[in-house]
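> What follows is the residue order along each chain.
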Amino acid sequence: MTWTLFVAFLAKTIKAASIYIFGSTGEIVTEKSGHLNMGIPGIMFMGALGGILGENIWLTASGNNLNPFMILFMPIIFAMLFAALGGLLFSFFTVTLRCNHNVTGLTLTTFGVGLSSYFIGLIKNDSISKAGLAMQSMVKFDWGDNWFGSIFLSQSFLTYFAIVVAIAASLIISRTKLGLNLRACGENPAAADAAGINVDRYRYLATIIGAAIAGLGGMALELDLLKGFYNAKDAVDSFGWLCLSLVIFSMWKPSICIGASFIFGAAQQLKYYLELSSAQQQIFSLLPYVLTILVLIITSVFNHKNTQAPAGLGVTYFREDR
Amino acid sequence: MTRTETRKHFKMPIHVVKKLDLSKKSYWTIKVVGILIAFLLSGLLCTIFAPGTFVTYYEKMAYGIINPKNYETFMLFLETAGLLLLIAFALAPAFKMKFWNIGAEGQISIGCLVTAGIMFHMTKTGDNSNQLLVVSLCLLFSVLAGIIWALIPALFKAFFNTNETLFTLMMNYVAITLISIFISIWIKSGSQAFPSIHEGQLEDLFGMKIKYLWNLIFVVVIVALMIVYLKKTKHGYELSVVGASLNTARYVGINTKKVIIRTMILSGAICGLVGFLLVSGHEHSLNPGIANGRGFTGVLVAWLGQFEPASMVLYAVLVAMFQCGSGKAASYVGISRAEFSAIVTGMFFLIIIATEFFINYKVLVKEDSKLKPVVDKINNFFSKVGGAISRFFDKINFFKKLKKKKPKDVQQTSKESEEDK
Amino acid sequence: MDAIRFENITKTFGKKVVASNNVSFSIEKGKIYSLLGENGSGKTSLMNVLVGIYKQDSGKIYVNGEEVEINSPKDAYKYRIGMIHQHFKLVNVFTATENVLLGLTRSDYKQFAKDQEDINGPLIQNLLDQGASKNDKEVKRLRKEIKDAGRFNIKSAARRITAICDKYGFQIDPYQKVYDMSVSQKQTLEIVKSLYRGTDILILDEPTAVLTPQETKQLFNVLRNMRANGKTVIIITHKLNEVMEISDKVVVLRKGEYAGEVETKNTNEKELTNLMVGRKVDLQIKRSTPKNVENRLFINNISVTNIDGTVALDNASFVLRSGEILGVAGISGSGQKELLEAIAGLRRYHGGDIIFHNPKKEKPVTLFHHSIAKIKRMSKEGFFHDKNGNKLDVSNTPNKIVEEMVKNEEIIFYDDEIIDLKDKKPIEIRNLGIKLSFVPEDRLGMGLVGSMDIVDNMMLRSYRKGKGLFFSREKPQQLAEEIVDELEVVTPNIHTKVGKLSGGNIQKILVGREISSSPKVFMAAYPVRGLDINSSYLIYDLLNQQKERGTAVLFVGEDLDVLMALSDRILVLSQGKVAGIVDPRQVSKEDVGLLMTKGGHNND
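Protein chains in written order, with this note's numbering: chain A, 265 to 586; chain B, 113 to 533; chain C, 64 to 667.
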């Protein structure tokens with residue numbers, strides 16, 4: 265690999281990582297409340313749909329006005345809104361209707377992927393790529409000459425935004441009153457309830473906000489990384505589920521998830537930059553899953569309390585069950 | 113000194129309590145209402161996407177299941193339902209034991225990979241050996257592969273209490289990615305398209321040329337065996353005790369580790385077999401998405417059917433109806449097929465999941481709430497619908513068997529159980 | 064003024080269970096109260112009404128003279144009432160401070176800031192008066208402390224916790240994780256949590272049940288400190304010695320009703336017992352004279368340690384005899400559960416062993432109880448003689464011949480069979496041919512499966528019988544029908560899920576199943592708990608039947624009257640130790656009661 269290629273690879277790795285960061289940060293926020301939302305691939309897809317729609321609505325309404333603020337604002341708001349709907353649906357089923365988390369999550373994935381890819385299919389391909397190109401136009405930094413600039417300073421807004429969101433989530437979860445109460449809901453809902461915390465409200469909000477963040481990942485994937493060249497299978501397989509495994513890999517800590525996302529991003533991108541046979545390329549795709557399994561095994565064998573999933577993860581809480 | 117807190121809290125006008133005693137009749141009534149709603153909504157959805165197609169949709173849906181001109185349509189429908197059912201039955205013992213094996217997709221995929229590998233190499237070497245031998249080899253090794261895939265998380269669960277939901281989930285993608293890797297290895301041209309393989313096709317066995325027939329035979333036999341296993345064998349009994357209460361299992365001296373491992377071996381074996389059927393009896397080819405979400409759908413069928421054979425059969429058939437029927441119907445009325453089928457299936461599941469709530473819980477509305485008349489109206493409507501359905505049940509004597517035994521003294525029992533609380 | 068006044072509180076569950084019946088009394092401010100009563104006398108229920116977990120059916124609660132309505136624990140906090148439940152409500156992976164901060168509201172923080180200002184304000188003023196500038200380091204620090212107290216700040220909270228600990232004499236590390244804490248530390252944390260929110264009235268439910276005597280002493284010191292600081296403390300208990308030691312006043316409840324109130328210094332344990340138990344009830348439980356009493360089970364110096372390191376059973380020794388009911392008395396949590404589970408092979412014990420003694424002398428060996436390999440091994444060790452009374456060693460004889468000899472009853476025991484049950488699992492005990500039945504305390508959590516029907520529950524013990532993969536439902540079905548008929552189980556049919564039946568019927572099914580195997584040893588833990596009078600008497604009759612047919616019966620009870628009337632001997636457990644074995648025909652109930660609380664005194 266030449267130096268220029270290496271620089272390009274690193275730049276792309278960071279871009280890919282931003283999607284993982286969005287997806288897994290969203291899922292961590294959700295899981296901290298005790299909700300195991302396996303509908304995250306579906307929700308990311310709904311975010312992607314929202315992003316494309318939002319961008320198209322703006323471009324159509326304004327006659328291709330490339331106002332930088334609106335170009336970013338519209339897809340972000342729409343992606344978060346659509347994905348939040350998915351989160352709302354999930355929490356309605358698991359909190360209000362007290363349904364099983366696994367079943368609801370898996371259904372939400374089927375439903376979300378089906379619904380979104382149907383609607384994305386309705387949108388003309390060139391509209392999608394136009395939206396992608398509009399998003400690309402947001403890269404205004406012109407530091408491309410040296411390696412530092414190419415890798416760190418010429419990323420799109422979304423990439424920086426992802427890191428900011430993850431750091432903010434990390435700080436909120438570990439440092440604030442809100443985060444403490446949230447974690448209590450995930451660890452021991454009965455104790456949280458006894459301390460006067462409204463567990464249901466926390467779970468609703470965490471799931472909806474988490475879904476909105478994850479939705480941004482779907483949008484970033486669609487408009488930023490794939491530049492509007494849409495590929496459903498690729499999106500779900502390599503990103504949606506990997507975000508779930510990233511949560512395990514980073515042991516439910518958003519701060520670790522930033523670093524871990526770079527590893528996953530590199531594993532995802534490396535195959536395009538090395539002269540590998542097709543089989544060797546695929547082995548790189550295998551890496552994240554195997555690493556995740558190893559982390560899962562290691563944490564359970566050593567059984568250290570700080571690296572475990574929230575104790576109440578995946579358990580519906582009903583006060584009268586006590 | 114009393115600290116006063118003036119902020120008034122929003123008081124929920126409704127209160128949810130557990131339903132303790134639900135008769136079989138009301139259970140099925142709620143389910144049937146849910147299913148009817150799902151059918152209705154799928155038609156409405158179709159009308160939204162393609163206006164004015166409400167009736168056409170159901171018509172075409174029926175064609176998608178039974179086409180008088182082409183028996184294969186119906187066979188395909190049966191096979192879709194059958195494979196789903198088989199997966200659900202593979203998962204049922206694990207779920208019954210409260211081992212959340214959502215790795216069926218991977219266990220199926222790895223079975224597919226092994227079968228396709230054997231078939232591919234047999235075709236390549238041009239070894240026109242005994243068809244039966246090839247098929248048997250495929251069967252044996254795909255089952256073994258499925259077992260290994262299920263056994264790994266089971267061992268870690270039994271000895272280190274590793275979270276099985278996440279572990280099995282990850283194993284899915286390892287299996288799927290392994291398929292991609294092996295396709296790349298086997299197909300030197302670099303294209304991911306796998307050729308159709310002739311050697312080891314299940315249909316050719318004993319010259320039976322009817323498509324999917326062998327698969328159906330396998331389904332019927334294995335499902336029958338599984339029902340017997342779950343209901344009649346010591347193993348089946350042990351695993352339900354382990355699932356119901358670990359303490360009770362300990363009390364009667366059941367080795368829970370052994371039960372976990374044994375059950376997952378069985379679960380993996382059947383999933384591996386499904387992989388074999390999928391390649392040898394259906395696709396005759398291989399691609400990374402060959403399981404096509406069947407593993408996950410199987411999870412839903414098993415869970416929603418609550419591991420009861422009759423319910424699982426019902427749900428498997430219904431899902432297959434939606435998948436085959438709505439897919440066909442959609443393409444007739446000009447909607448993209450796979451996606452519409454996914455939407456409808458997803459919606460069907462969501463509605464059925466929601467009915468679980470009405471089976472397990474009762475909603476009480478506070479007397480003074482404004483919501484009260486609205487909820488009452490909804491209640492009235494559904495009790496009318498429910499009444500009609502239960503009258504129908506009565507008519508066909510659906511629950512005659514259950515009524516045979518006259519309750520001894522039901523009233524007294526319920527009174528006493530109240531007191532016990 | 065009274066801190067709390069209950070007026071005609073009635074709380075019922077369902078139609079028949081009356082937890083509190085028209086209870087009225089007052090709690091004076093700044094005193095330590097004991098709420099005394101037997102199990103099921105409604106102590107905990109009444110306090111749960113006070114803290115908003117239950118809602119009373121009728122009656123009023125007054126706090127500081129004002130009528131209040133308490134609907135949730137949060138409301139209770141508003142009136143500065145806190146309760147430490149028996150099951151702690153703590154988040155394991157959080158530190159002590161984090162647990163304390165859980166769920167605090169903005170108004171809580173406002174109050175904290177105010178509290179801190181009350182302390183720091185004068186200090187600042189003092190400094191300023193002494194001529195310190197506004198920007199003086201110390202002044203700034205004090206100002207910041209006030210600010211920090213009014214917001215989410217771990218360090219500030221930890222400081223406040225340390226201050227509370229110093230004030231009352233707790234020892235707690237604010238940064239320690241709950242999972243690293245001992246039970247007593249967790250309890251301390253719960254108390255701190257309550258005090259941190261500004262509790263004036265603290266209720267503790269059986270606080271000493273999980274503590275060692277030393278820890279109990281520490282807790283009592285803390286409670287006295289709290290009293291010195293003007294707080295009101297109510298402890299729910301049924302341990303008389305503790306009542307005498309700690310409380311200023313005692314309120315006694317009996318069967319959900321208010322039984323009386325006394326000043327501790329004017330009373331003694333005997334008077335309290337009488338108040339607690341009431342007039343002697345004539346229970347008319349028949350007790351036959353034991354026949355053919357033989358030693359059956361030797362329990363030699365066994366000890367059981369819990370996961371958290373506390374000693375649940377301490378060096379217990381006794382002999383269980385056939386044809387006799389051995390009652391086990393003791394306040395709950397004195398090691399009864401552990402003792403029974405250890406005997407049943409469900410719990411590891413250390414120290415000594417448990418020996419099963421089977422009168423086999425001059426009886427032929429059977430393949431039912433011993434495998435061929437085991438017979439060979441035993442014969443080498445000289446266990447058997449042949450028909451002529453000569454020593455028999457078959458260790459080198461081929462298996463087939465040994466099998467033939469067993470069938471012809473040619474291998475005969477020299478002596479009684481003695482089996483060491485140490486480290487044997489339940490299944491191994493069963494495979495040794497020892498019929499040991501156990502009715503555990505937790506019927507649906509351990510003895511039965513609530514989601515299975517009666518027939519399937521019958522199978523729990525017997526499903527392994529017979530070779531092959533399949534079980535048969537025939538015999539369990541017969542058994543289920545028999546039990547339903549004979550014990551008059553009220554159920555729609557034998558295919559009803561056990562969990563749907565009432566407590567009494569559930570117990571009949573469990574006891575019926577355990578008796579059906581004609582056990583050699585029969586153990587029952589609190590078999591009549593929650594049962595009505597008729598069902599209870601049926602269970603007593605069943606225990607008597609077992610005794611009469613020569614079973615060694617171990618009966619753990621909580622009602623002393625019943626224990627006194629039913630048992631042939633009573634073993635009294637106190638804090639995991641055997642406090643004594645007495646003959647109920649010769650001692651009084653009060654004597655037994657004193658033995659039950661003896662352990663605490665001995666340890667002082």
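Where hints are given, some of them may not hold.
[To be verified] Pairs of lysine-lysine residues, derived as DSS-like cross-links and limited to a Cα-Cα distance of at most 30 angstroms, are as follows: (1) 423/C to 569/A; (2) 203/C to 210/B; (3) 280/C to 203/C; (4) 370/B to 280/C; (5) 240/C to 569/A; (6) 343/B to 488/C; (7) 240/C to 207/C; (8) 535/A to 369/B; (9) 498/C to 450/C; (10) 181/B to 323/B; (11) 507/B to 538/C; (12) 210/B to 517/A; (13) 563/C to 136/B; (14) 441/A to 230/C; (15) 143/B to 423/C; (16) 423/C to 369/B; (17) 240/C to 517/A; (18) 369/B to 143/B; (19) 318/C to 652/C; (20) 343/B to 560/C; (21) 538/C to 343/B; (22) 423/C to 454/C; (23) 488/C to 143/B; (24) 488/C to 441/A; (25) 441/A to 203/C; (26) 517/A to 152/C; (27) 437/C to 454/C; (28) 450/C to 344/B; (29) 218/C to 441/A; (30) 207/C to 343/B; (31) 560/C to 136/B; (32) 354/C to 344/B; (33) 210/B to 218/C; (34) 230/C to 218/C; (35) 463/C to 424/C; (36) 463/C to 498/C; (37) 474/B to 563/C; (38) 583/C to 346/B.
Quick caveat, the hints were computed from the structure, so don't treat them as lab data.
Note that the structure is predicted; figures quoted are calculated from it, not measured.
> Look at each hint and say if it fits the structure.
Hints, one by one, checked against the model:
At most 30 angstroms may separate the alpha-carbon atoms for a hinted pair to count; residue 423/C and residue 569/A exceed this at roughly 53 angstroms. Between residue 203/C and residue 210/B, the direct Cα distance comes to roughly 58 angstroms. Violation of the 30 angstroms bound is thereby established for this hinted pair. Of the supplied pair hints, the one linking residue 280/C and residue 203/C is violated, its CA atoms being roughly 42 angstroms apart against a limit of 30 angstroms. The straight-line distance between the Cα atoms of residue 370/B and residue 280/C is roughly 46 angstroms, outside the 30 angstroms bound, and the hint therefore fails.
At roughly 10 angstroms between alpha-carbon atoms, residue 240/C and residue 569/A fall within 30 angstroms of each other, so this suggested pair holds. Distance hint between residue 343/B and residue 488/C is fulfilled; the C-alpha atoms sit about 27 angstroms from each other, no more than 30 angstroms. For the hint linking residue 240/C to residue 207/C, the alpha-carbon distance of about 27 angstroms falls within 30 angstroms, and the restraint holds. Pair hint residue 535/A plus residue 369/B does not hold up; C-alpha atoms about 41 angstroms apart against a cutoff of 30 angstroms.
With a C-alpha separation of about 28 angstroms, the suggested pair residue 498/C and residue 450/C falls inside the 30 angstroms cut-off, and the hint holds. Restraint check: the Cα-Cα separation between residue 181/B and residue 323/B comes to about 15 angstroms, which is no more than 30 angstroms; the hinted pair holds. As the CA atoms of residue 507/B and residue 538/C are separated by approximately 36 angstroms, the hinted pair breaks the 30 angstroms bound. Restraint check for residue 210/B and residue 517/A: the C-alpha separation of about 28 angstroms stays at or below 30 angstroms, so the hint holds.
Between residue 563/C and residue 136/B the alpha-carbon distance is near 14 angstroms, which keeps this suggested pair within the 30 angstroms criterion. Between residue 441/A and residue 230/C the CA atoms are separated by roughly 26 angstroms; this keeps the pair inside 30 angstroms, and the hint holds. Pair hint residue 143/B plus residue 423/C does not hold up; C-alpha atoms about 61 angstroms apart against a cutoff of 30 angstroms. Taking the CA atoms of residue 423/C and residue 369/B, the gap is near 36 angstroms; set against the 30 angstroms cutoff, the hint is violated.
The straight-line distance between the Cα atoms of residue 240/C and residue 517/A is roughly 18 angstroms, inside the 30 angstroms bound, and the hint therefore holds. Distance restraint check for residue 369/B and residue 143/B: the Cα-Cα separation of roughly 36 angstroms exceeds the 30 angstroms cut-off, and the hinted pair is therefore not satisfied. Taken as a hint, the residue 318/C and residue 652/C pair is honoured in the structure, with Cα atoms around 18 angstroms apart against an allowance of 30 angstroms. Simply put, residue 343/B and residue 560/C have alpha-carbon atoms about 16 angstroms apart, close enough for the 30 angstroms limit, and the pair holds.
Distance hint between residue 538/C and residue 343/B is fulfilled; the C-alpha atoms sit about 16 angstroms from each other, no more than 30 angstroms. Restraint check for residue 423/C and residue 454/C: satisfied, since their Cα atoms lie roughly 16 angstroms apart, inside the 30 angstroms limit. For the given pair, residue 488/C sits about 45 angstroms from residue 143/B by alpha-carbon distance, which is inconsistent with the 30 angstroms threshold. The hinted pair formed by residue 488/C and residue 441/A fails the criterion: a straight-line CA distance of about 48 angstroms is larger than 30 angstroms.
With a C-alpha separation of about 25 angstroms, the suggested pair residue 441/A and residue 203/C falls inside the 30 angstroms cut-off, and the hint holds. A C-alpha spacing of about 24 angstroms is found between residue 517/A and residue 152/C, which places the hinted pair at or below 30 angstroms, so the restraint holds. Proximity of residue 437/C to residue 454/C is assessed by CA-CA distance (about 17 angstroms); at most 30 angstroms being required, the pair is judged to hold. Proximity of residue 450/C to residue 344/B is assessed by CA-CA distance (about 45 angstroms); at most 30 angstroms being required, the pair is judged violated.
Between residue 218/C and residue 441/A the CA atoms are separated by roughly 13 angstroms; this keeps the pair inside 30 angstroms, and the hint holds. Using a Cα cut-off of 30 angstroms, the hinted pair residue 207/C and residue 343/B is violated, with the two alpha carbons roughly 69 angstroms apart. With a CA separation close to 13 angstroms, the supplied pair residue 560/C and residue 136/B stays within the 30 angstroms bound. Among the hinted pairs, residue 354/C with residue 344/B is inconsistent with the structure: their alpha-carbon atoms are about 44 angstroms apart, more than 30 angstroms.
Pair hint residue 210/B plus residue 218/C does not hold up; C-alpha atoms about 43 angstroms apart against a cutoff of 30 angstroms. The hinted pair formed by residue 230/C and residue 218/C meets the criterion: a straight-line CA distance of about 18 angstroms does not exceed 30 angstroms. Restraint check: the Cα-Cα separation between residue 463/C and residue 424/C comes to about 25 angstroms, which is no more than 30 angstroms; the hinted pair holds. At most 30 angstroms may separate the alpha-carbon atoms for a hinted pair to count; residue 463/C and residue 498/C meet this at roughly 28 angstroms.
A distance of roughly 17 angstroms separates the Cα atoms of residue 474/B and residue 563/C; the hinted pair therefore holds under the 30 angstroms criterion. Restraint check for residue 583/C and residue 346/B: the C-alpha separation of about 26 angstroms stays at or below 30 angstroms, so the hint holds.
When held up to the earlier numbered hints, the structure conflicts with 1, 2, 3, 4, 8, 11, 15, 16, 18, 23, 24, 28, 30, 32, 33 and fits the remainder.
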